[in-house]
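Enquirer: Sequential numbering from 61 applies to the sequence shown in the numbering used here.
Rather than coming from a laboratory, the hints here were simulated on the basis of the structure. One should not assume that every hint holds.
[To be verified] Cross-link-like lysine to aspartate or glutamate pairs, in silico, EDC-like; alpha carbons within 20 Å at most:
| hint | residue 1 | residue 2 |
| --- | --- | --- |
| 1 | K108 | E83 |
| 2 | K84 | E107 |
| 3 | K358 | E340 |
| 4 | K419 | D399 |
| 5 | K108 | D124 |
| 6 | K419 | D386 |
| 7 | K419 | D469 |
| 8 | K269 | D296 |
| 9 | K269 | D297 |
| 10 | K74 | D126 |
| 11 | K298 | D386 |
| 12 | K191 | E331 |
| 13 | K300 | E331 |
| 14 | K456 | D477 |
| 15 | K615 | E628 |
| 16 | K84 | D111 |
| 17 | K226 | D427 |
| 18 | K116 | E176 |
| 19 | K422 | D523 |
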Amino acid sequence: MSSSGIVRFTDYLKMLPPAWVFEKFVCAGEASSRKILSSSMIDDAAEKFIDENVLKGRFYSLSDSDQLTCALVYMCGEYGFRVTDFSGLENSLILSFLVYAGSNTENEVRLFGFHEFRELLITHLVTVIVKMCPASETPDAVTVWNYQCVNDITIAAALAAQNCLKRRKNGSLVRAAIGQLRKVVEINTSVKNDKDDYVTNVILGYCMKERLLHQNDTEYLFNKAAFTLWNALDRDDKYKSIRTFALAFNGGVWLQLIETILDQCVYLSIELFPSNLQDEMFDVLSSLVFTSDIALRKMNRSFVFCKSSPVTHIQSPAPGVIILPDFSVIIIRECNTIDLSIFTQVGVINSFDKVYKGKIDKAVLCDSLSHGTDGAAVVDWLTRWGAPSNVLETVKEWLREYYRLYITDRHVLILSDEKVTFQINSFEPLRKLMQPVNAHATYIINRGEEQNVRSILSSLGFDYRMSGQDTEFITEENTVKESQMVASAWMPIVETRTEEIDILSMRGTKYGTDLKNLDINETVHVIDYAILTGQQLAIDYEGSPYIREGLYTFKPYNCEKGIDPVVEGE
């Protein structure tokens with residue numbers, strides 16, 4: 061295996077039954093009586109095969125439909141090209157040795173191309189695909205904001221902080237959460253429904269991996285500490301991190317091939333793929349739109365993918381955040397993502413279409429204060445954004461209302477003697493472990509009356525939460541466990557049906573396929589031969605306390621000779 065998960069060509073050949081490789085690859089079309097295939101012979105044959113002219117000839121020897129399928133297999137990269145009707149190793153593409161088939165634990169079959177062939181075949185793959193693509197209506201690339209995905213992650217985290225990302229029991233978002241996310245995040249879907257789309261899963265997956273969010277049975281929860289560290293990163297670093305995750309999440313489609321195709325002034329349409337794969341591939345390619353590597357354009361009644369021209373900086377005379385007297389807010393897409401994050405602590409974003417539209421909201425502000433946002437910082441933000449005086453004064457009044465009183469569940473030290481107060485303030489080892497609180501009066505709530513007090517204060521219009529009291533402390537162990545992603549393991553299909561291997565010439569000999577009674581020396585000889593040729597053995601087992609009687613087939617890989625010989629296999 062390579063580090064990417066794609067099998068190396070030589071390794072793949074050595075996994076296959078030697079007799080089949082000998083017949084179909086090493087001596088294809090040639091008569092030979094030799095049946096033992098050495099590792100060096102496979103290495104030599106593979107080295108000769110990995111040649112541009114040889115690969116080109118093998119590729120163009122395929123039918124037109126197989127050429128297109130082969131090209132699409134390479135485009136899918138490590139994601140794989142899913143097939144529903146697989147004919148085994150006699151499949152024409154498998155017999156070309158340009159691709160191989162892999163299956164997972166769910167017995168799903170996908171085709172993969174070899175990395176060693178990529179650079180040698182790319183020109184021919186592009187030629188075949190371009191012939192089937194619609195011509196571009198305009199040679200100009202679509203201008204896109206390079207950091208849109210950074211904005212999307214920031215807003216998704218903000219929605220969690222505002223308790224908007226509710227989950228179903230199966231883990232997917234509820235309909236209201238999906239609708240809210242689609243209003244404020246740039247998501248492209250081939251089918252409109254109330255299920256999590258692919259890009260939504262990319263966004264949530266990244267947030268979980270970076271521990272920006274964690275989850276319980278009912279919702280995604282905001283991790284302020286982790287988000288603060290992430291948000292402090294340079295915007296380019298955040299973009300690179302998101303892009304790396306998204307490319308891995310989509311399985312590793314071959315981006316270089318896609319970009320080379322789009323450079324030919326054509327559109328890439330999912331109609332190139334079989335109908336049962338079109339929605340799936342739209343989702344996969346949409347993840348490249350999410351990272352600004354390619355763009356999406358509407359042609360007739362369908363969407364096509366085209367070349368993008370990412371913009372990383374604009375000269376705009378307008379401020380990034382515009383606050384109107386009616387408390388509504390307009391935020392340009394190209395604003396500093398720090399400002400975008402800050403605004404979500406004082407208001408809500410309701411929609412996105414070229415610009416973000418939202419509103420300063422008292423409930424959001426109070427929630428942010430309870431999570432530790434500093435009221436003085438809020439005033440500084442609004443002043444820097446040039447908020448109208450009526451907005452600024454109203455927000456200051458909201459802050460005064462919030463700070464009037466609070467109930468705390470923290471441990472409190474109450475000092476009732478001036479001399480003791482002076483003594484505590486003078487003792488630095490103790491003093492540095494606490495912070496003073498200015499209060500006009502302090503009350504101890506009667507035991508058992510806590511909820512009644514909260515209810516009465518709420519009915520009087522008070523927000524009794526303490527600033528910073530609702531801040532959650534997330535343990536690293538929990539978030540790492542939640543963010544783990546299990547990738548599908550695609551194991552090469554290397555088993556052949558009996559009729560695919562020439563066994564007639566071996567029938568009737570000592571090493572034939574029929575069961576025989578052999579003495580110990582003959583048995584050891586047969587086992588050694590099976591290990592050498594990589595073939596399976598069939599034994600009629602009489603049974604034991606742990607293994608029942610029956611006919612078993614296994615592949616031996618070691619034989620220990622001696623007084624008590626032992627064969628190891630699987």
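Enquirer: Assess, step by step, whether the Cα of K298 is no farther than 20 Å from the Cα of D386, and give holds or violated.
Expert: Outside the cut-off at roughly 34 Å; violated.
Enquirer: Next pair to validate is K84 with E107; report whether the Cα-Cα distance is within 20 Å.
Expert: Holds, at about 16 Å.
Enquirer: Hinted pair, alpha-carbon criterion (20 Å max): K419, D469. Please report holds or violated.
Expert: Since the Cα atoms of K419 and D469 sit roughly 32 Å apart, the hinted pair is violated (cutoff 20 Å).
Enquirer: Just to be careful, I want the Cα atoms of K84 and D111 compared with a cutoff of 20 Å; is the pair within it?
Expert: holds, 18 Å
Enquirer: Hinted pair, alpha-carbon criterion (20 Å max): K108, D124. Please report holds or violated.
Expert: The hint is violated at about 25 Å.
Enquirer: Assess, step by step, whether the Cα of K419 is no farther than 20 Å from the Cα of D386, and give holds or violated.
Expert: It holds: about 9 Å lies between the C-alpha atoms, which stays within 20 Å.
Enquirer: Quickly compare the C-alpha distance for K74 and D126 to 20 Å and report which way the hint goes.
Expert: violated, 25 Å
Enquirer: Quickly compare the C-alpha distance for K422 and D523 to 20 Å and report which way the hint goes.
Expert: Since the Cα atoms of K422 and D523 sit roughly 11 Å apart, the hinted pair holds (cutoff 20 Å).
Enquirer: Would the hint linking K269 and D296 be met if the CA-CA limit is 20 Å?
Expert: holds, 18 Å
Enquirer: Given the hinted pair K191 and E331, is their alpha-carbon gap at most 20 Å?
Expert: holds, 13 Å
Enquirer: Do the alpha carbons of K358 and E340 lie within 20 Å of each other, as the hint requires?
Expert: holds, 18 Å
Enquirer: Please verify whether K419 and D399 have alpha carbons no more than 20 Å apart.
Expert: Within the cut-off at roughly 14 Å; holds.
The structure shown violates the earlier hints numbered 5, 7, 10, 11, 13 and 14.
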